[in-house]
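Please model the entire structure based on the sequences and the hints provided.
Taken in sequence, the protein lines are chains A and B. Under my numbering, the first residue of the first sequence carries the number 2, and numbering increases by one thereafter. Under my numbering, the first residue of the second sequence carries the number 34, and numbering increases by one thereafter.
Read the hints as simulated data drawn from the structure, not as lab findings. Heads up, some of the hints might be wrong.
Chain B stretches covered by chain A per the calculated footprint, using a threshold of three residues with CB under 8 Å from any CB of chain A [as the list claims (entries may be wrong)]:
1) 257 to 266
2) 322 to 332
3) 429 to 442
4) 523 to 537
5) 541 to 548
Chain A is faced by these chain B residues, among others (derived, beta-carbon under 8 Å) [stated by the list, open to error]:
6) 159
7) 425
8) 447
If you're wondering where the values come from, they're calculated on a predicted model, not measured in any experiment. A virtual CB, placed ideally from N, CA and C, is assigned to each residue, including glycine.
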Amino acid sequence: MNRRFGCALVAIGIVAALSACDSGRDPLVIYSGRDEALIGPLLEQFAEANDIDIDVRYGETPDLALLIAEEGDNTPADVFLSQSPGAVGFLANEGLLGELSAEELSAVDARFESDEGRWIGLSARQRVLVYNEELVDEADLPGSVLDLTDEAYGGDVALAPTNGSFQDFVTAMRQIEGEDVTAQWLSDMEANGSPTYADNSSIVDAVARGEVPMGLVNHYYNFRKLEEDPDAPSRNYVFPGGDVGSLLIASTGSIVAGTDKQDEATAFIDYLLSDDAQQFYSDETFEYPLTEGIEPPADLPPLESLETPPIDLNDLGSLQETASLIEESGLL
Amino acid sequence: MTEPSVQKAASQGTGRERRRFTGLAIFVVGVACLFVAPFLHLAVRSLEQAGTFVAEITSPQALGSLGRSITLAAAVSVAAAAIGVTAAWLVTRTNVPGRSVWRALLPIPLVIPSYIGAFVMIAAFAQGGALQSLLSTFGVDQVSGFRGFFGSFVVLTLFTYPYVYLPVQARFRQLPSSLEESARLLGSRPLGTFWTIALPQARGSIVAGGLLVFLYTVSDFGVVQLMGYDTLTRVIFSTRLIDSLTSIRLSLMLGILAIAIVVVERGVARGSLIRDPKREPRPLQYPLGRWRPAAAISLTGIVGLALITPVAVCIWWAFRGVVRGDTPVAEFWTSLADLARPALNTSVAAVAAALTAVVLVAPVAYFAVRRPGRFGATASAIVVGGFALPGLSIALSLVYFTLSGPSWMSGIYQTLPLLVLAYVIHFGAQAMNVAAVAVGSVPARVEDAARTLGVSATQRLWRVELPLMLPGLLAGAGLVMMSAMKELPATLLLAPIGFETLSVRIWTGTQSALFADASLACLVLILTSGVLTWLLVIRRSDTLI
Chain A
2 MNRRFGCALV AIGIVAALSA CDSGRDPLVI YSGRDEALIG PLLEQFAEAN DIDIDVRYGE
62 TPDLALLIAE EGDNTPADVF LSQSPGAVGF LANEGLLGEL SAEELSAVDA RFESDEGRWI
122 GLSARQRVLV YNEELVDEAD LPGSVLDLTD EAYGGDVALA PTNGSFQDFV TAMRQIEGED
182 VTAQWLSDME ANGSPTYADN SSIVDAVARG EVPMGLVNHY YNFRKLEEDP DAPSRNYVFP
242 GGDVGSLLIA STGSIVAGTD KQDEATAFID YLLSDDAQQF YSDETFEYPL TEGIEPPADL
302 PPLESLETPP IDLNDLGSLQ ETASLIEESG LL
Chain B
34 MTEPSVQKAA SQGTGRERRR FTGLAIFVVG VACLFVAPFL HLAVRSLEQA GTFVAEITSP
94 QALGSLGRSI TLAAAVSVAA AAIGVTAAWL VTRTNVPGRS VWRALLPIPL VIPSYIGAFV
154 MIAAFAQGGA LQSLLSTFGV DQVSGFRGFF GSFVVLTLFT YPYVYLPVQA RFRQLPSSLE
214 ESARLLGSRP LGTFWTIALP QARGSIVAGG LLVFLYTVSD FGVVQLMGYD TLTRVIFSTR
274 LIDSLTSIRL SLMLGILAIA IVVVERGVAR GSLIRDPKRE PRPLQYPLGR WRPAAAISLT
334 GIVGLALITP VAVCIWWAFR GVVRGDTPVA EFWTSLADLA RPALNTSVAA VAAALTAVVL
394 VAPVAYFAVR RPGRFGATAS AIVVGGFALP GLSIALSLVY FTLSGPSWMS GIYQTLPLLV
454 LAYVIHFGAQ AMNVAAVAVG SVPARVEDAA RTLGVSATQR LWRVELPLML PGLLAGAGLV
514 MMSAMKELPA TLLLAPIGFE TLSVRIWTGT QSALFADASL ACLVLILTSG VLTWLLVIRR
574 SDTLI
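Below is the structure:
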């Protein structure tokens with residue numbers, strides 16, 4: 002027994018030493034709410050091309066935002082990559098994000114960046130209706146997300162009310178259609194027996210299994226589902242004509258206030274806005290590139306054709322109201 | 034030895050005894066300070082905007098979620114206790130076939146992380162899943178109801194019964210069989226003996242394990258989220274960023290609930306310890322006779338549902354690409370090899386957490402049992418209460434305390450020692466409860482005898498009491514180890530940058546809907562924990578008895 006515990010202690014020592022070795026240099030520290038699969042290769046390319054050491058901490062976007070807030074001035078983070086503008090808004094309000102340069106901000110359409118220049122959109126994903134083609138005929142799908150409250154879709158539309166993207170979509174609906182319409186829509190969806198799920202993945206999975214015929218998700222989950230399981234009968238449907246149901250949600254980049262790596266951090270954000278990186282989003286993550294001149298993935302309508310009005314997902318107070326609206330509808 | 038010298042030795046012992054407990058009390062205060070940190074942090078943050086605090090935690094919505102949390106936790110505790118006790122009794126007290134296999138497999142479901150566990154169970158049992166495809170050949174087209182309360186109840190029970198099984202089997206193996214032997218000689222049937230003798234003697238362990246199940250269930254998020262059952266943790270989770278004050282207050286409420294439950298548990302468990310076990314060279318074994326197949330089938334059922342089913346689904350997902358030919362076999366081996374470092378990291382962090390937890394927490398348990406009173410009870414309640422707090426709260430409190438402390442403290446920020454500390458604070462409860470039972474099971478007679486023979490207090494602890502407690506302490510360490518192996522939120526925030534664990538890899542896979550990767554990492558996690566549990570806990574406690 003003693004020998005075994007001895008071995009364990011030695012192993013602990015080795016791993017501790019190995020992790021300590023890494024801390025000798027002074028790398029650019031990135032907190033990333035984006036999945037490794039979606040951004041990892043870009044980070045590697047950047048580090049290699051610019052000979053800059055980078056350290057990445059992956060996590061859920063809200064958790065990392067809370068971490069930076071708790072760390073305050075002592076945060077090791079230089080850059081924060083977020084899945085959605087909401088979490089960045091939280092940090093911007095706390096004064097924890099630095100200002101981006103006008104040059105960077107000019108690279109992207111104004112509806113995908115913060116008014117005060119605290120974050121910039123890097124790529125965008127689209128809200129879609131995923132449906133099971135064995136259970137539903139595409140011709141029977143409605144022209145607007147607002148029509149999903151119709152009795153014909155009773156019990157058929159899966160929602161993920163605790164998911165950040167769903168909440169962003171509801172916030173957008175409040176701004177475009179108004180509070181009353183949104184509140185009505187939510188409670189009608191509830192009354193229509195819409196089943197609720199944990200997140201986008203589980204909705205796509207349930208739709209593919211045929212447990213539920215359709216559900217509201219972000220577009221690329223089904224792309225990945227089909228990559229793993231090409232026989233899955235799940236298909237994406239984009240509500241036409243700039244419907245709020247086909248909202249675009251940007252993933253964002255920001256520089257943490259007080260970083261001692263301003264130059265490297267700026268170079269990094271610039272890299273993510275470069276043609277190479279933007280092309281990567283289109284080719285590998287099936288997202289919309291946000292800079293001019295890069296084509297979106299083949300199956301998606303062009304960015305300009307999506308004429309959703311500018312939406313402010315930046316206001317935390319507004320996100321709180323969205324949460325209480327969802328709560329009141331009984332969907333949670 | 035003459036009569037007066039015996040008395041002298043005894044009184045000297047008492048003098049040393051007192052000094053020893055003073056030293057111990059200081060240690061206990063230190064440990065309690067460590068464990069109270071997350072509560073303190075939550076309390077400070079909760080009171081930042083006073084006034085609405087009471088209104089918020091007593092709102093109908095909060096109370097409704099709380100009620101659902103408690104209902105679910107109570108139901109899961111009872112079911113997990115039933116399964117855990119039955120399994121423990123069968124493998125320790127009967128001649129059920131394949132005992133050593135069952136003993137190696139039965140603890141493992143504890144290591145399956147809730148999110149992936151629930152996900153694979155949905156894939157297996159929900160509409161359109163494997164079970165339904167099977168049933169559809171018999172004309173069954175609808176399997177409904179594997180969601181909400183029922184789904185959460187089933188999945189949580191299957192993944193938490195080891196909390197009861199591990200301590201109870203340790204207890205059964207330690208218990209004197211003399212009483213059961215006598216009962217049997219007096220004509221009591223095995224089942225009767227089980228109810229009247231074995232069960233009451235194991236009550237302390239059952240209640241201790243059941244409490245862990247209860248606390249795990251109220252703090253679980255992964256299962257209830259996927260099953261769509263609206264408990265308190267779901268509210269805490271969904272409001273954590275957009276309404277962090279509510280989230281923090283409800284987390285604190287969860288912690289307070291946990292402490293209240295611990296206090297109630299102390300009342301239930303009191304007096305249930307029979308402090309008179311003997312070491313048995315050969316523990317009693319009932320021949321099951323014609324019930325032997327039935328017993329084997331029920332164990333197969335438990336292991337089949339809680340371990341084989343998730344493993345089978347993971348294997349299917351992991352190999353789907355290879356079988357279909359989309360993934361080249363070479364690529365598959367690369368992704369397996371990539372998991373070697375995370376597996377080592379996971380093992381090291383978890384074993385370090387298990388050892389540290391036992392070293393810190395066993396003295397608290399020792400104190401609380403040997404010096405019953407408010408002081409020991411408070412310290413142990415604080416230690417156990419930490420189990421119910423969300424991992425995120427524990428991580429953020431450590432961020433706060435290390436970064437606002439002196440430079441030697443901020444020096445450990447986001448290093449391995451801090452991660453281990455987070456595991457210890459989060460899961461120390463599991464070592465605590467089991468250790469308390471272990472301490473209680475050391476017979477006073479043994480101590481008295483050692484004292485009479487003039488053995489010093491320290492020697493007595495090392496040579497007499499510790500070996501007797503060891504099976505229980507090991508069971509506790511095993512629980513901490515398995516929980517630490519699957520921990521996610523604190524790992525993501527506090528691990529050294531680039532320190533990938535298997536749970537992180539599983540999360541990365543599920544995040545990106547790359548279930549082949551997630552499943553492979555999950556299989557490696559199950560395998561690693563199985564090997565570690567067997568090496569460090571099961572085989573070890575075998576040689577003790």
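A quick look at each hint next to the structure:
With 4 residues having a Cβ less than 8 Å from any Cβ of chain A, the stretch 257 to 266 of chain B passes the three-residue criterion, so the hint holds. With 0 residues carrying a beta carbon less than 8 Å from a beta carbon of chain A, the stretch 322 to 332 of chain B misses the three-residue requirement, and the given coverage is violated. Interface restraint, the stretch 429 to 442 of chain B with chain A: holds (4 residues with C-beta to C-beta distance below 8 Å; minimum three). As drawn, the stretch 523 to 537 of chain B meets chain A at 7 residues by the rule of a beta-carbon pair under 8 Å; at three or more, the given contact holds.
Counting residues of the stretch 541 to 548 of chain B whose beta carbon lies closer than 8 Å to any beta carbon of chain A gives 7, which meets the minimum of three for the stated coverage. Contact between residue 159 (chain B) and chain A, as hinted, is supported at the beta carbon level, the nearest pair being about 6 Å apart and thus within 8 Å. The beta carbon of residue 425 (chain B) comes within 6 Å of a beta carbon in chain A, closer than 8 Å, and the hint placing it at the interface holds. Checking residue 447 (chain B) against chain A: minimum C-beta separation of about 7 Å stays under 8 Å; hint holds.
The structure fails hint 2 only (numbered hints given earlier).
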